[in-house]
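> Residue numbers (our numbering), protein chains in the order written: chain A, 17 to 358; chain B, 17 to 358.
These are computed hints drawn from the structure, not numbers from a lab.
Note that the structure is a prediction, hence the values are computed from the model and not measured.
Be careful, since some hints might not be right.
For identical chains, the list gives no copy identity; a pair is met inside one copy or between any two copies.
[Stated by the list, open to error] Below, a list of computed lysine to any residue pairs in the SDA-like style, where the Cα atoms sit at most 25 angstroms apart:
1. LYS236 with ARG67
2. LYS332 with GLU30
3. LYS42 with GLY174
4. LYS145 with ASN212
5. LYS145 with ASP215
6. LYS42 with GLN175
7. LYS42 with PRO255
8. LYS332 with ILE57
9. LYS236 with ILE57
10. LYS338 with GLY264
Number of protein chains: 2
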Amino acid sequence: MNRNRRHKQATSSEERVLRLIRHTLKPEFRKLVDSGIRVAIGDDAAVFRARPGYETVLTCDWFLQGTHFLLDRHPPDAVGWKCLARAASDLAAMGAEPRCFLLSLALPTSRTGAWLREFLNGLRAASQKLNCPVAGGDTTRHEDVLINITVVGECRRGQAVLRSGAQPGDAIFASGQLGEAEYGLQILRSTRGYLNSGDPLLRKHLYPEPRLALGAWLGKQRLATAMMDLSDGLSTDLPRLCWASGVGARIEECQLPVIDAPATREKHVNAVSLALHGGDDYELLFTVAPKNVAKIPQRFAGTAITRIGEITSARKTVLINKKGPAKALPQRGWDPFRENQK
Amino acid sequence: MNRNRRHKQATSSEERVLRLIRHTLKPEFRKLVDSGIRVAIGDDAAVFRARPGYETVLTCDWFLQGTHFLLDRHPPDAVGWKCLARAASDLAAMGAEPRCFLLSLALPTSRTGAWLREFLNGLRAASQKLNCPVAGGDTTRHEDVLINITVVGECRRGQAVLRSGAQPGDAIFASGQLGEAEYGLQILRSTRGYLNSGDPLLRKHLYPEPRLALGAWLGKQRLATAMMDLSDGLSTDLPRLCWASGVGARIEECQLPVIDAPATREKHVNAVSLALHGGDDYELLFTVAPKNVAKIPQRFAGTAITRIGEITSARKTVLINKKGPAKALPQRGWDPFRENQK
Chain A
17 MNRNRRHKQA
27 TSSEERVLRL
37 IRHTLKPEFR
47 KLVDSGIRVA
57 IGDDAAVFRA
67 RPGYETVLTC
77 DWFLQGTHFL
87 LDRHPPDAVG
97 WKCLARAASD
107 LAAMGAEPRC
117 FLLSLALPTS
127 RTGAWLREFL
137 NGLRAASQKL
147 NCPVAGGDTT
157 RHEDVLINIT
167 VVGECRRGQA
177 VLRSGAQPGD
187 AIFASGQLGE
197 AEYGLQILRS
207 TRGYLNSGDP
217 LLRKHLYPEP
227 RLALGAWLGK
237 QRLATAMMDL
247 SDGLSTDLPR
257 LCWASGVGAR
267 IEECQLPVID
277 APATREKHVN
287 AVSLALHGGD
297 DYELLFTVAP
307 KNVAKIPQRF
317 AGTAITRIGE
327 ITSARKTVLI
337 NKKGPAKALP
347 QRGWDPFREN
357 QK
Chain B
17 MNRNRRHKQA
27 TSSEERVLRL
37 IRHTLKPEFR
47 KLVDSGIRVA
57 IGDDAAVFRA
67 RPGYETVLTC
77 DWFLQGTHFL
87 LDRHPPDAVG
97 WKCLARAASD
107 LAAMGAEPRC
117 FLLSLALPTS
127 RTGAWLREFL
137 NGLRAASQKL
147 NCPVAGGDTT
157 RHEDVLINIT
167 VVGECRRGQA
177 VLRSGAQPGD
187 AIFASGQLGE
197 AEYGLQILRS
207 TRGYLNSGDP
217 LLRKHLYPEP
227 RLALGAWLGK
237 QRLATAMMDL
247 SDGLSTDLPR
257 LCWASGVGAR
267 IEECQLPVID
277 APATREKHVN
287 AVSLALHGGD
297 DYELLFTVAP
307 KNVAKIPQRF
317 AGTAITRIGE
327 ITSARKTVLI
337 NKKGPAKALP
347 QRGWDPFREN
357 QK
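The following block holds chain A by itself, in its conformation from the complex (with noise of 0.2 angstroms):
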């Protein structure tokens, strides 16, 4: 008897879970419908319908407790917003719009409580935002939170944009302010106590935007030759461009944009290496042939865009400055498998 009644209370334990993630990610049935999902939480699978003419673009993106973000440090409702916005930029990269997403959490019996609220809350923030409803998910019980998101997303037929599409002589471009997350990073480790996660400083660390409108106008002019979403910083991201396209790649620093914020002149931050060297900026990295250059805004939807240098046949990257002769750019992003990261 006493052991029927401990599983009966567990099992309700499992079911709470469950119940919370449905009520506070559900959809209004009208978006899961726009949203081509058929079947959605709750069955063994999820069903979506792909809209004819449209290719299905699949990202699947780690975001673990240790590795991607402080348990103590980063609010919960930023863990929620960003484990989707950084999945979303990888759709983003390729040119496609996000259509729906699934949901892989394990966390302890400890976080089933005030942090899985709001938790979902930041997720289902993002999830309105993106226009990107949950379609399905694995739920289960670990003593880290890990996360693990799958985001479909659509485009049309042919013109998901590759990183494999570079040519000599395309001039790169680079959305955003390069390091602006990578700084908020280190205020918020170097924050004691409470932390004011409205702090425009370390908004685009907290709750970063991918620049889906971007890549999409990107997509559908043909206009970019090869993209890849910034999320490990330009001097180990770039490399990956350009090996995928058998090129090399020139980088002006002066032009480089990087952060201006009064606060890191104060305390002598070296803005050209968080631009080079910061992660998560999930800004978009892209190549134009050089009869469309002029096409490319400086601004878009708000986004300044700036060209930072070219592609070459070399085969190695190279960093440009006033001072004197180019020289190789060392690869110094993120890296999960370098020893003594950051």
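Since the structure of chain A is already known, use the hints to place chain B on it.
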């Protein structure tokens, strides 16, 4: 200089992991095209083209060290096989066929050598057997081995079999023998020293085979009114199907397809309890309207199919045996949030 060299070596470590994954799992070009994959591993996201007249079926599944497998007891190739096989079982439960999968893998540096190679060999074997090539993924470092698999499948429009269609009077069927995987786990836990992973009694636990052909046939013939896979044990999964359908169920103990290995009799194993509460079988549980019961064969592609009970309108799950009145069936299968889980 020293610093750069360290960075270079470390970057190579991540590149080596990615290269090994690509090299081991990369399907032939023909296979990619046949599976609808237009852009595979190596870009920001995968691109998949759904077949006209089909819907896309999507599922994701955790497979975590400590929670779902024991790093020191489970052979790495079994971990690789099982993580994909159990995720694909969710598609079998919808009557869908797998098309491709995404691999999210987090592991410590110490497991990036022999362990990773064997894991990938097992995963490749499952991928080939299930005709389900890799399309993308995400890799990072973590102190535990963490796996999340997203499987993308297809079924013809409107033919997905849901959990919610069972009606009072429908017969309840299960494929295979129930409790076999749990029994294998017990052997694995009690074995000291060398483990013979070829032992037939361990096979169901280590290398489960999702009932894809059976699920697809039931879906295509429209014979199953409701279906799900048995992953957490009959006593936990059946109430989920009943809840989704707004019905109850009566199970006949003497009909249960329990295991009958000589070893289980020797060791006084309770085969009925294993069949009711043992998890990880990945057999199919489905319901059939009375008029169609005669169309269900006793075996399908070598797998036994057994009628184990009937759907009722009573909104509870009861067990009938010869000894006395019907008893409520306690949910004693796998529940991640239950304390003191075996």
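> Does each hint hold? Answer for all of them.
Right, here's what the structure says about each hint:
1. LYS236 with ARG67: Answer is both; intra-copy 16 angstroms and inter-copy 23 angstroms each pass.
2. LYS332 with GLU30: between (52 angstroms within a copy, 19 angstroms between copies)
3. LYS42 with GLY174: Cα proximity of LYS42 and GLY174: across copies only (22 angstroms, versus 32 angstroms in one copy).
4. LYS145 with ASN212: within (22 angstroms within a copy, 52 angstroms between copies)
5. LYS145 with ASP215: Close inside one copy (20 angstroms), not across copies (53 angstroms); limit 25 angstroms.
6. LYS42 with GLN175: between (31 angstroms within a copy, 24 angstroms between copies)
7. LYS42 with PRO255: Classified as between; 22 angstroms across copies, 40 angstroms inside a copy.
8. LYS332 with ILE57: Classified as between: cross-chain Cα gap 23 angstroms, same-chain 47 angstroms, threshold 25 angstroms.
9. LYS236 with ILE57: between (32 angstroms within a copy, 23 angstroms between copies)
10. LYS338 with GLY264: within (20 angstroms within a copy, 77 angstroms between copies)
The structure fails none of the hints (numbered hints given earlier).
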